[in-house]
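Can you build the whole structure from these sequences, using the hints too?
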Amino acid sequence: MTRHVVAEVAGFPDKGIRRVEVAGRELCLIRLGDEFFALMDVCPHGGAKLSGGRLSGMVESDGPGDYRPCRNSEMLKCPWHGWEYDVRTGQSWSDPKSTRTRAYAVEAVSGGDLVKGPYVADTVPVEVDGDYVVVEFPDKAARRVEAAEKA
Amino acid sequence: MPSRTQLRIDADFHLPQAAIGDLLPFLNEHWRSQVADRELPSMPFRLTSYPANSPLTRNPSYEGLDVSAALDKFDTGIAVASMLHGVVALHNPDMRSALLSAVNDYVAKTWLDAEPRLRGSILVSGEDPAASVAEIERLAGDKRFVQVLMLAMQEIHHGNRHYWPIYEACERHGLTMAIHAGGLYRIPPSVSGWPSFQFEDYVMQSMVFENILTALIGEGVFQKFPDLKVVFLESGFAWLPTTIWRNDKTWRGVRQEVPWLDRKPSEIMAGRVFMSLQPSDPPGPDELRQIIKHIGGTDMLLYSTDYPHRQFDGGNALPEGLPEDAIPGILAGNALKAYPRLADDPMASRAAETLEETA
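These protein sequences, in sequence, are chains C and V.
Residue 45 in the working numbering sits at position 45 of the first sequence; the count goes up by one each step and never skips.
Residue 352 in the working numbering sits at position 352 of the second sequence; the count goes up by one each step and never skips.
It cannot be assumed that every hint is accurate.
Stated by the list, open to error - Beyond 10 Å from chain V on every Cβ pair, some chain C residues (computed):
1) G11
2) D14
3) R19
4) V20
5) G47
6) D62
7) V120
8) F137
9) A147
Stated by the list, open to error - Below, computed lysine-lysine pairings styled on BS3-like, alpha-carbon distance capped at 30 Å:
10) V/K249 x C/K49
11) C/K77 x V/K224
12) V/K143 x V/K337
13) V/K337 x V/K293
14) V/K224 x V/K143
15) V/K249 x V/K224
16) V/K337 x V/K224
17) C/K77 x C/K49
18) V/K249 x C/K15
19) V/K109 x V/K337
20) V/K249 x C/K77
21) V/K249 x V/K293
If you are wondering where the hints come from, they were derived from the structure by calculation, not from laboratory data.
Note that beta-carbon positions come from the ideal geometry of N, C-alpha and C, so glycine has one too.
Following this line, the structure appears as structure tokens:
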């Protein structure tokens, strides 16, 4: 793993979304208050750049006409088909089981009664180091070694 | 083929339409005199989806058979019967209610009393939910009525909250909500305006049901009324794969707008919506098999003859291509799930026993 500086905290607006390049890979970087999140900038459903999407919340309901907004801005909506990804986990909440291609661990989060989909956008750990936003991400050489070891 | 001991429940069986004169004994003095003064007996009050001379109107298999003989011929154990009557299209809400009550009473006295294999439909107007609820309350004690019946084309689509008192009454009394093809003839069958020819009108009927299904799902009827069962009559079903898929696909991207849809629409409608088998609209057995594969089985399909209309040739209302092991469900098992009142019906219990024996 290599630590990469991807942004300056000062210049990054709250609820901002930015596309950044790290070691030849593109990330979608999101700021919510003092927290930063990063997803690989590709929608696992259709391949769109998630950084072109917008943040939204979740809505819970007890029935027609009942709306209870929650988790404000914690969902990233893909610009192509509106699929929603949880910025904290990358979990899609949009597609049910039928097209499941991989199994994912399900964890309890607010809104746990809703259906989670099988798609998960890859998340990348982010931290704030003083004035900079830093991601831990393997560089190109490390990825080549990793791929060779897998093969 | 299934054995002849398998009990058959026919979900779409039409009683001959009563003439206005036949309804007089079921009207009070005021409405009897209104009917006479306004010469209503000279009006046919026919819903004209089946014009008298159209080849669709009369199945030659039924030639010369009355209702009971038709039930005999098709070995029908129970027929969920309807009398679609043009009085439902009247504008005067009081006259309409009086005549609809007369139709329902006429059905009970003339048909349900006489033929034990018939079960009835409470015909109501979607235009006046308060009057429709009152009519449901008036007749709900007669367990021979197993469904409430509305037409497919009304002023407001069926998902709308306007109708919810009717759905609430259906759910409370274990009555299925049936929606039959046809309309009031003052609303175009197409959402884009009036067609010019009967040909267009007839084809467009199935598209109306696509709209209705999407509306029932989207507006949350199945969430609001968790025990309500809905039956589409003469809707066809070959259109289901694309409609279900488009509902599921679109829902994924717009969940926040309709947050009561907590699952895929296809999962929400499972076990809640049923459709009559006739008219069977796939072109042939191969296409029928494909459609069944697309919609995930035959649990939605209810055996029907559409007596006396001509939807099939010969004496077998089961189209070719149905999986053999699905036939007991189509003939009776699915209907027992679609009609809560049939579950308590002694004749239907026989059907359930027969099903268990064959399983």
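The hints, checked one at a time:
1. G11: holds, 30 Å
2. D14: holds, 21 Å
3. R19: holds, 22 Å
4. V20: For C/V20, whose nearest Cβ neighbour in chain V is about 26 Å away, the distance exceeds 10 Å, so it holds.
5. G47: The assertion about C/G47 holds, with a minimum of 15 Å to chain V.
6. D62: Violated, since 8 Å does not exceed 10 Å.
7. V120: Non-interface label on C/V120 holds, nearest chain V Cβ at 15 Å vs cutoff 10 Å.
8. F137: About 30 Å separates C/F137 from the closest Cβ of chain V, which puts it past 10 Å; holds.
9. A147: holds, 33 Å
10. V/K249 x C/K49: Answer holds: V/K249 to C/K49 is near 20 Å, not above 30 Å.
11. C/K77 x V/K224: With a Cα-Cα distance of about 28 Å, the restraint between C/K77 and V/K224 holds, given a limit of 30 Å.
12. V/K143 x V/K337: holds, 16 Å
13. V/K337 x V/K293: holds, 21 Å
14. V/K224 x V/K143: holds, 25 Å
15. V/K249 x V/K224: At roughly 22 Å apart (the allowed maximum being 30 Å), V/K224 and V/K249 satisfy the hint.
16. V/K337 x V/K224: holds, 19 Å
17. C/K77 x C/K49: This hinted pair holds, its Cα atoms lying about 11 Å apart.
18. V/K249 x C/K15: holds, 28 Å
19. V/K109 x V/K337: holds, 27 Å
20. V/K249 x C/K77: Satisfied, since the Cα-Cα distance of roughly 15 Å is no more than 30 Å.
21. V/K249 x V/K293: It holds: about 18 Å lies between the C-alpha atoms, which stays within 30 Å.
Of the numbered hints given earlier, the model fails hint 6 alone.
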